[in-house]
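Undergrad: Each chain, written out:
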Amino acid sequence: MSVELKDGDRPVILRGVRTHFDKVRNVWLLLAPERALKLDDVGRAILDEVDGTRTFGEITAILAEKYDAPVDRISGDARTYLSGLMARCMVEAR
Amino acid sequence: MSALRPNPPMAMLAELTHRCPLACPYCSNPLELERKERELTTDEWKDIFSQAAEMGVLHVHFSGGEPASRRDLEEMVAHARDVGLYTNLITSGIGLNKRRLDALNECGLDHVQLSLQGVDSEMADWVGGYKGGFDRKMQVAEWIGEIGFPLTLNAVMHKKNFDRLDETIAIALDMGARRLEVATVQFHGWAAKNRAALMPTREQAKQARLTVNAARERLEGVLVIDYVPADHHSDYPKPCMGGWASTGINVAPDGAVLPCHAAHTIKSLTFDKAHEKPLKEIWYDSDAFNAFRGFDWMQEPCRSCELKTKDFGGCRCQAMAIAGDAAATDPVCIKSPLHGELVRQAEADAEADADLVYRVMPT
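Chains P and C, in that order, are what the protein sequence lines are.
Numbered by numbering that gives the first Met the number 0, the letters in the first sequence go through residues 0 to 93 in order.
Numbered by numbering that gives the first Met the number 0, the letters in the second sequence go through residues 0 to 362 in order.
Treat the hints as calculated values from the structure; they're not laboratory data.
For clarity, every value in this text was computed on a predicted model and none was experimentally measured.
Yeah, the Cβ is synthetic: ideal placement off N, Cα and C, and Gly gets one too.
Honestly, I wouldn't trust all of these hints.
Per the computed footprint, the stretches of chain C lying under chain P, defined by three or more beta-carbons under 8 Å from a beta-carbon of chain P, are [as the list claims (entries may be wrong)]:
id: 1; segment: 92 to 104
id: 2; segment: 145 to 153
id: 3; segment: 221 to 227
Start from the sequences, fold in the hints, and give me the full structure.
TA: If you want it as C-alpha cells, here you go:
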C-alpha cells in the first residue's frame with residue numbers, strides 16, 4: 000500500500016513536478032514528465048498548501064479554516080486528490 | 000482539411016542533431032541523416048523555443064541523435080526553461096559527465112530520460128554497437144541520482160530482449176527512476192532493415208503485456224510504466240500521435256518542421272523550415288500539417304468506421320510504407336485488405352533469425 004496517506008505524513012511535490020499557468024489555454028496545469036494535468040480551483044487550493052514541511056493533518060486544518068468547511072469533508076477530498084497524485088508518482092508522503 | 004482550427008501543440012521534439020556515438024539497429028532517425036554543417040545554430044534553436052512557448056507548447060524534449068553531442072546543449076536548455084518550457088533531456092548518457100550534468104542542473108533542466116539498450120554490458124554494448132556504453136551509462140545514472148534529477152528509463156524492447164523485461168524493470172528501480180517506458184520497436188526508418196532480427200513473437204508481445212500489468216499493480220506509487228505495444232501483432236492500429244498534427248510538433252536538425260519524426264517518408268508532403276517561416280504559421284496553415292487533420296481525408300474502411308475518432312485511422316507513415324498510400328487505413332487494422340499480409344510477414348520475421356544491421360553515421 001504505497002499510496003496510503005496518514006494524517007502525520009508530510010506530502011511533498013516531487014522534483015520534476017510543478018504548477019504552471021498556461022496563458023495560451025488560460026488554465027493552471029500541473030506539469031510532470033510526459034504529463035500535463037489540468038488543475039481546477041480545488042486541486043490548486045490543496046497543492047498551494049503542500050510545502051513539504053506541513054503534515055497532511057496540518058494541511059487539512061488550514062484548508063478547513065480558510066474555506067470554512069468541515070475538516071472531515073476537506074480531509075476526504077484532499078486525501079483522494081493527493082493519493083491520486085501519489086499513485087502517479089507526482090507526490091510522495093514522507 | 001478540418002474546418003475547425005486545431006488546438007495549439009502540447010509538446011515539441013527538438014532533434015538537435017543526428018550525430019550519435021551509438022549505432023542502434025532500431026534507430027528512429029531518417030535513413031538519410033543530416034550532417035553537422037546543416038544543423039541549426041544555437042540562436043536559431045533559441046528562437047524556435049521562444050516561439051514554441053509563445054504558441055502554447057508545454058514540454059520540450061531535447062533529442063537527437065545524441066543531444067549531448069551539441070556543446071551548446073546547456074545554453075539551449077537554460078533558454079527553453081527561461082521562456083517557461085518544461086525541459087526534458089532524452090539521452091543515452093554518452094557524452095555527459097558530472098560537470099555537464101551539474102551545469103544542466105544549474106540551467107534548470109526539469110527531467111532526464113535515459114535510454115537502455117540492454118540489461119547488462121554484454122547485451123547493451125552489442126545492441127548499441129558501442130563497447131563500454133553500458134558501464135558509462137550506469138555511471139551517468141549514478142550522477143543523475145546524486146544530483147536528484149527526476150529520471151525516466153526508456154527501454155526499447157524487441158525479440159532479443161523481451162524475455163528480460165523483469166530485469167529491465169529491476170534496473171529502473173535500482174536507478175531510482177520514477178517512470179519506465181517499455182517501448183516495443185516501431186518498424187520505421189532504420190528499424191525496417193532489422194525486422195528479421197528484432198520483430199518480437201506474438202507470444203512475447205502477449206507476455207510483455209502481462210508482465211507490464213502485474214508490475215504496474217505491484218509498483219503503484221513507485222514507478223509509472225508506459226507501454227508501447229508491438230502493433231504488428233494487434234488487430235487495431237495505435238492512435239498514432241493522437242491524430243496527425245494534433246498534439247506534437249517535431250523540429251529536425253536542419254530546421255524541418257514535421258508532425259512526427261517519420262513524416263518525411265511521405266514524399267508528397269513538403270515540410271517548411273523553422274528558421275524560414277514562423278512556427279505558428281507552419282502549425283496552423285501549412286499543407287503538410289493540414290494534410291491528415293480531422294476526418295475528411297479518410298477513405299473506406301476508415302471513413303464510415305466508428306473507431307475513427309479513437310484511432311484516427313492509425314499511423315500515416317505505416318500506411319505509406321506498407322500500403323504505398325499515406326491516406327490508406329493503417330495495415331495493422333483487421334479491416335485493411337493488407338492486414339493478412341502484414342500479420343504473415345510479422346510472424347515470418349518473428350520466427351526468423353538475422354544479424355543486427357547497425358546504424359551508420361555519415362562521415
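Undergrad: Next, verify each hint and record whether it holds.
TA: Here is what the structure says about each hint:
Coverage of the segment 92 to 104 of chain C by chain P is violated [criterion: at least 3 residues with CB-CB distance below 8 Å; count 0]. Only when three residues or more bring their CB closer than 8 Å to a CB of chain P does the claim for the segment 145 to 153 of chain C stand; here the count is 4, and the claim holds. Counting residues of the segment 221 to 227 of chain C whose beta carbon lies closer than 8 Å to any beta carbon of chain P gives 4, which meets the minimum of three for the stated coverage.
Checked against the numbered hints above, the structure breaks only hint 1 and satisfies the rest.
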